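Chains as they are written, first to last, in this note's numbering: chain H, 176 to 484; chain C, 901 to 1292.
Hints are computed from structural coordinates only; laboratory data are not their basis. This structure is a prediction, so every number in the text was calculated from the model and none was measured. Ideal placement from N, C-alpha and C gives every residue a C-beta, glycine not left out. There could be a bad hint or two in this list.
If you want a taste of the chain C side facing chain H, the calculated C-beta under 8 Å gives, among others [stated by the list, open to error]: (1) G935; (2) A938; (3) A1031; (4) E1080; (5) T1082; (6) K1090; (7) A1094; (8) A1097; (9) E1104; (10) Q1134; (11) L1156; (12) A1160; (13) H1194.
Covered stretches of chain H (chain C as the covering partner; in silico rule of three or more C-beta atoms under 8 Å from a C-beta of chain C) [stated by the list, open to error]: (14) 292-298; (15) 338-346; (16) 356-364; (17) 411-421; (18) 445-457; (19) 461-473.
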Amino acid sequence: MNYVLFAEQLLNGIQLGMVLFLLAAGLTLIFGIMDLVNLAHGSLYMLGAYFAATFTQMTDSFVLAVVISVPLMVLSGIALEIVALRTLYRRDHLDQVLATFGLILFFRELVRIFWGAAGRTIPLPPYFNGSVSLPFGIDYPVYRLVIITLGLIVAGGLYLVVQRTRIGMLIRAGASNREMAGALGVNIPLLFTVIFGIGAALAGFAGMIIAPLTTANIGMGDTVLIQAFVVIVIGGIGSIRGAFIAALLTGMIDTLGRSFLDDLLALFLPVNAAEAAGPALSSMLIYVLMAAILFFRPQGLFPPKGAKA
Amino acid sequence: MKQYIWLGAVAALGLAALPVQAAEIKIGFITTLTGPAAVIGNDFRNGAEMALQHIGKKMGPLDVNIIYGDDEQNPQKGKQAVEKLVERDNVDVVTGQIWSNVLLASKDVVLDANKFLISANAGPSDLAGKACHKNFFNVSWQNDQTPMALGELLNQKGVKSLYLVAPNYAAGQDMVAGVERTFKGKIVGKDMTAWPAQMDWSAELTKVKAANPDGVFVFYPGGHGPAFLTQYDQAGLTGKIPLYSVYTVDALSLPLLQKAGNKTALGTFLTQMWAADMDNAANKKFVADFKAKHGTYPSYYAAQAYDSIMLIKSGVEAVKGNLKDQDGMRKAFEAAKFDSVRGAFKMGPNHFPIQNFYANEVIADKDGTWMNANRQVVLKDHQDSYATQCKM
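Build out the structure end to end from the sequences listed, making use of the hints.
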């Protein structure tokens, strides 16, 4: 095996994991604390990408566009929570799925009306373009390193907020036992609104930073949402730490599967069969992992302390 | 006696009513209007609309009533849309059809209802070979042909080692098979990616870089194309490993790439049976009017949709608007006597075109707009490899 190739694929796995983490962190908080199944989380990811595209065009700077778009995403999230989602908390999960699925269609149409059906490419500043030489002969695209770094910074920031601040304490209390937290005088509606705003910003941020690579397009949130659900199920619903580790795991398995599975299969299958089975199997790997986790540890790898399984 | 008069009156009324009823031809046009591929579907529709504008919405004595169906790039949704067109709208001809998997899922709805089905884009191998049908026509190409031309072009350019990246669905597999059929060098790697879910090729591009081939072949239609080219550039492969493509760098992706300043596509070669700068009267009129109306070059999707409407028109004119004369229409479709924007071509015995395939190069035109410029013929009067399996 070529070690440089392997190392670069590991970095690719980490990069995918970071994007999944940003998306899953919000999703797991919203699902775990607010008990809301929010299928429209992928739409927020898409919205972030389109915001970044628009402001990049207006300001000629991708970095500035992200700085403007993140607070806008918080506001969008808060508005969405107040207008549409608040009435859903008391309903059962099926109603929430239906309503938030409706929101997916709404956001798709909204984006088409405002931005058109064609995707948007986002030009990166020159210093993010191209690739950089790392030790051991590894050549890696600069911008993917930027994504990894940003992901780590956000993860660290979230850790500090959740573990060290008062709002973090409330979030943890809410994740462990919502009724008890409410009974002790925590302003639950306000807490929910804040959490949703944070979740929306994280999802939007993920969309913003991936859009220069994949372009902003209308269907972008749909597939990544499914992967994000896989991540939170593996990590344990409501747990940021679980989401982080599960996202890295999922990103790594998905990337390494795509990279090496066909070669691996070719060792004991005819080449043609391996070529056919490789792509099919590698796109299934993360679901196989999820199924295994659900079987052996249904509450996920790192469920929040005291949470009801 | 009285009753005979009544009968006569009723019959006369009925006869009088008939021409009114038959004075239009209903065409069902399947395209994609939602999802990431809607940009293709819009251009496809614009091509059909341009044809209708040029013919004044008339085919022979008949008015044209075109009804668009949205397949959402999904075989199930596509089948539902076709069912609606055939069963509820009772269309006479179904055309459009971008995606091979949608076409395969929905073809029987049309053919079992004994109506004509004319694919303006998708050309899956089944329908060219053993599953060919007397009422099915294709006005674009069989999926393998364009990549076969590309494989031949690679031979001509002296490419010795090749890496293939394509989506894992019917057309993607056909494209790869097509290149492999004619390319004489060594295939050093091949990745088939999840479609349409995967839009990040980090793992695949890393493998490409490690393999360091003489050339990379890609097939990513629609919104995936610009994303792939962006990441190709990001991975530092622009100018290092030459890129060859089919159905990826087109009039839809080039404006996006030009806006983003991504020069990866410039100077790359692709193969196609048509180019916007082809020198024939029909094409000049089509391209000039399309540019005037939409401000961009038409894509090959638009060109093929344009041709599909013109083919239908030639059939309707041959039977002078008598749509019941299916044999007459079929004969006219087989003759394909209309001014195609690609120039003259023949319809093969399996109802797929026998035509030239060209190398196109991505250049900046005299106004600085990036476009695919027609270069040499790569395959002349080429027939697909499945025609012999077709027993009609």
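Evaluated hints:
1. G935: Because about 5 Å separates C/G935 from the closest Cβ in chain H, which is inside the 8 Å limit, the hint holds.
2. A938: It holds, given that the least Cβ distance between C/A938 and chain H is near 4 Å, below 8 Å.
3. A1031: violated, 21 Å
4. E1080: violated, 11 Å
5. T1082: Cβ of C/T1082 sits 19 Å from chain H, so the hint is violated.
6. K1090: For C/K1090, the interface hint holds, since the closest Cβ of chain H sits about 6 Å away, which is under 8 Å.
7. A1094: holds, 5 Å
8. A1097: Since the shortest Cβ distance to chain H is 4 Å, the answer is holds.
9. E1104: Interface hint status for C/E1104: holds (7 Å vs cutoff 8 Å).
10. Q1134: holds, 4 Å
11. L1156: It holds, given that the least Cβ distance between C/L1156 and chain H is near 5 Å, below 8 Å.
12. A1160: OK, holds: C/A1160 within 8 Å of chain H, min 4 Å.
13. H1194: With Cβ-Cβ at 12 Å, over 8 Å, it is violated.
14. 292-298: Holds, because 7 residues of the stretch 292-298 of chain H bring their Cβ atoms closer than 8 Å to Cβ atoms of chain C.
15. 338-346: This one is violated; 0 residues, fewer than the three required, reach chain C with a Cβ under 8 Å.
16. 356-364: Three-residue rule not met by the stretch 356-364 of chain H, so violated; n is 0.
17. 411-421: violated (count 0)
18. 445-457: Holds: 4 residues of the stretch 445-457 of chain H have a Cβ under 8 Å from chain C.
19. 461-473: violated (count 0)
Going down the numbered hints, you'll see the structure goes against 3, 4, 5, 13, 15, 16, 17, 19, while the others check out.
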